Amino acid sequence: MAPKIKATSKVKEMMTIYYLTAKNAAFNNRQIGWITSGGPVELLQAFDVIPIYPENHAAMVGAVKMGGQLAAVAEGMGYSPDLCSYFRIDVGAAETNGGPIAGLPKPNFFVCASNICKTVVKWYEVQAAKFDVPLLMIDIPFVEGAITGSEVAYVAQQLREMVPALEKITGKKYDEAKFMGILEKSRDAVNLWSQCLETCRQSPAPMSSFDSFFHMAPIVTLRGEQQTLDYYQALLAELTERAAQNIAAVENERHRLLFDNIPMWYAVRHMFELLAARGTAVVTATYTASWSLERDMTQGDPFEAMAYNYLAPYINRGFETRLEILEGLLKKYNCDGFLMHSARSCKAYSLGQYDLRDALTARTGKPGVVIEGDIADERIWSEGQVDTRLEAYLEGLDRA
Amino acid sequence: MTAYEQLAALANEPYRKADDRPLIAVFPMWFPYEILVAAGLRASEWWAVPKPTTLADAHYPPFVCSLVKCNFEALLDGAAAPDGMVFPSATCDSIQNSAGLFRRLFPTKFSAYFRMSQNPESAGAATFVRDEMTRIVHQVRAFFHQPVTDADLCEAIAAVNAWRRAARRLLAKLGEGRVAAAPVYTALKGALADIGRPTARLLEEYAGSLAVAPAAGRKVMLVGMTPEPTDALAVMEAAGACVVGDDLGLGWRTVAVDAGETGDPLAALTQRLLQSPPCSSLHFATKRRSDAVVARARALHADAVVFTRVKFCDPEAFDYPNIKKALDLAGLPSLLLERELTTAAEGAVATRVEAFVEQLG
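In order, the protein sequences belong to chains A and B. Going by my numbering, the letters in the first sequence line up with residues 7 to 406, in that order. Going by my numbering, the letters in the second sequence line up with residues 946 to 1306, in that order.
Warning: the hint list may mix true and false statements.
As a list, the in silico DSBU-like pairs of lysine-lysine whose alpha-carbon atoms are at most 35 Å apart [unchecked claim]:
hint : chain 1 : residue 1 : chain 2 : residue 2
1    : A       : 191       : A       : 18
2    : B       : 962       : B       : 1118
3    : B       : 1232      : A       : 112
4    : A       : 71        : A       : 29
5    : B       : 1054      : B       : 996
6    : B       : 1232      : A       : 179
7    : B       : 1054      : A       : 338
8    : B       : 1270      : A       : 174
9    : A       : 338       : A       : 16
10   : A       : 136       : B       : 1054
11   : B       : 1118      : A       : 337
12   : A       : 71        : A       : 191
13   : A       : 18        : A       : 71
14   : A       : 112       : A       : 12
15   : B       : 1054      : A       : 372
16   : A       : 136       : B       : 1256
17   : A       : 179       : A       : 112
18   : B       : 1270      : A       : 112
19   : B       : 1118      : A       : 178
20   : B       : 1232      : A       : 29
21   : A       : 71        : B       : 1270
22   : A       : 112       : B       : 1256
23   : A       : 112       : A       : 18
24   : A       : 178       : A       : 112
25   : B       : 1232      : B       : 1256
26   : A       : 136       : B       : 1232
27   : A       : 174       : B       : 1232
28   : B       : 1256      : B       : 962
29   : A       : 29        : B       : 1270
30   : A       : 29        : A       : 178
31   : B       : 1118      : B       : 1232
32   : A       : 18        : A       : 178
33   : A       : 18        : A       : 184
34   : B       : 1256      : A       : 71
It should be emphasised that the hints constitute simulated quantities derived from the structure, not laboratory data. Keep in mind the model is a prediction, meaning the values are calculated, not measured.
Modelling step: build the complete structure from the supplied sequences, incorporating the hints.
Structure below.
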């Protein structure tokens, strides 16, 4: 077995402190804002609000295999089992204070950005009504081709409107210098995270994407904070050192794969072990590469740069752009093939994967496989079926 | 053929071409059809013709609704050959992502996506929605070499408003007494297959010809996207209830609001969309769908509500518990029917409908 990444214990500690701080927010006179993973967290931080990510929490619930239990609570309330399991887990956790951290701290308000799916628009409507607190909506249009000025202007306008809304909710004045400082840290953290991911271009890769799914937690939840910069600096140093010493995430790495979609959190370890046993490393993923820095938010109009960056993520892009991104990642990380998770919960990510698989193989000659599952509801998962499918796929890679 | 027969034929074959107008299929449901009409195109909103989806299943995962898959099946099996398609991306993730599939599979056809604002109270929403319409006008002009002038748009607005008025008149018949609901919705579905003056006339004629029996039995309002499969409505009526109206996509929500007929036409179309009634596919900070459904049930003097939900329709599935709660508080009993478009009312569905109507007394 390859030695574990030491920074893993640090990320666990950071997330524990983060949730403890959030749970005690009221004692420290701080407000809580629940925000989608594609939301402009930097603005919340500028108002000293603690951002809480129900998606991150639902992933954590899924990882400890409590997803089915909490989702069932929501189903009992009338929510269809066909709806996103992150949503159902969030409803169930809010109703019962269930899950590994006994529910999330109560929100003072919600911020919803629609750049990850339409689901979050409905999800946040439901939860804002339940908690009877304000919902700040940022409509981020789906981008079929290139990002246009009309889209940027529309999103930037909504981001600007958040400033007086947050002043009203928090009772605090907007401090531009503080905001710009947060944007700088956010930019630097995303840069460092990208560098961490890029260490996996080396063969053997010093980290698997199944590791990076966990190491991405701070870039989602604590972007814009100094501790996040410190963390990714340390992780980058460790990965660089591992790469220099040829310490591999997967011993005897023979095959390198790309992973598409949100992982099946309850089976990440199983997937890693199944693949690693066959000398296969997942070295890049569309999900971990979702934080874009196409525009430097500290240059020019920060709201326009933010708008551009929040329009840009993979999941907010049309078929042809997704295909280009996938092709780019396959080449950049020298992959032999790709693994697509058709996640029942996530139509926004999953719809189109069959055609993407065929088109990507036609363009690159690299074979792909689609496996069916769910992101956090372990009741959907059929391990035997998935294993059989993956084994057949890996045998094909061996023969290639 | 009677007006109803002509509309029913359109409902059963929305893709049949009857004249030389290019046919543009529009996925439900928030789109300014007036732009297509102004360009001399046939605006055809497709609520799907139920059929097995063997070809579409190769492109869609199993958890996508049958409305989306049936529309694609018709394209793939050759039953439908529209000259183009429009995808209103606000409706749901499935329709949004289908735009890319269509372009991939039919690269030479016209295709456009339209993004209705999900934050209509934002100061930038009107500008953005107007920009979207302007983009589509340019796309239509470029692809079909059709000039789309303001005068064309004004005439199209008047035509589509007349079409909506006719549709409202037809739907209002349901509230006047006992009228079989399934043919009414079939007629509306047919009219949606060719939005404009010709089907407005058919709707008027059909509404005028409808025999309304004296009101009797419990009054039911339908809530959802589509009333289909409508066989459950016949079961409901046979059990003694009658449908008095709806909060449906293929129904009231689509025809409730007209566009202004004076001033800048694109501004008028923008305002029409921004003033839409609450819908599962739209977000309004100041309007709750549950309140709107209760208010509409009250206005229709409904005794009960039946939710007609297509399986895997996320927007309606999200809204259901809060609407049900509001109905419970208002003392209005409700029944949820979740079905695939492609399945007939089996015994279990019929029994549930009958039992529900019996409970209403």
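Query raised in the report: Straight-line Cα separation of residue 178/A and residue 112/A no greater than 35 Å?
Result: Holds, because 20 Å separates the two Cα atoms, which is no more than 35 Å.
Query raised in the report: Does the alpha-carbon distance linking residue 179/A and residue 112/A stay inside the 35 Å limit?
Result: 23 Å, holds
Query - Restraint status (C-alpha distance of residue 1256/B to residue 962/B at most 35 Å) - result: 30 Å, holds
Query raised in the report: Does residue 136/A pair with residue 1232/B here, judged by a C-alpha cut-off of 35 Å?
Result: Roughly 15 Å between the alpha carbons, so the hint for residue 136/A and residue 1232/B holds.
Query raised in the report: Has the given pair, residue 1054/B with residue 338/A, been kept, meaning a C-alpha gap of at most 35 Å?
Result: 34 Å, holds
Query - Pair hint residue 1232/B and residue 112/A, alpha-carbon separation not exceeding 35 Å - result: 24 Å, holds
Query raised in the report: Taken at face value, is the distance from the CA of residue 178/A to the CA of residue 18/A at most 35 Å?
Result: 32 Å, holds
Query raised in the report: residue 136/A and residue 1256/B: Cα distance at most 35 Å?
Result: 25 Å, holds
**Report entry** 35 Å limit on alpha-carbon distance, applied to hinted pair residue 1054/B and residue 372/A
**Finding:** 30 Å, holds
**Report entry** Distance restraint between residue 1232/B and residue 179/A, which requires alpha-carbon spacing of 35 Å or less
**Finding:** 29 Å, holds
Query raised in the report: Given the hint that residue 71/A pairs with residue 191/A, does the C-alpha gap stay at or below 35 Å?
Result: Holds - the C-alpha atoms of residue 191/A and residue 71/A are around 34 Å apart, at most 35 Å.
Query raised in the report: Taking 35 Å as the top limit, are the C-alpha atoms of residue 174/A and residue 1232/B close enough?
Result: 21 Å, holds
In the structure shown, a violation is registered for the earlier hints numbered 10, 11, 19, in ascending order.
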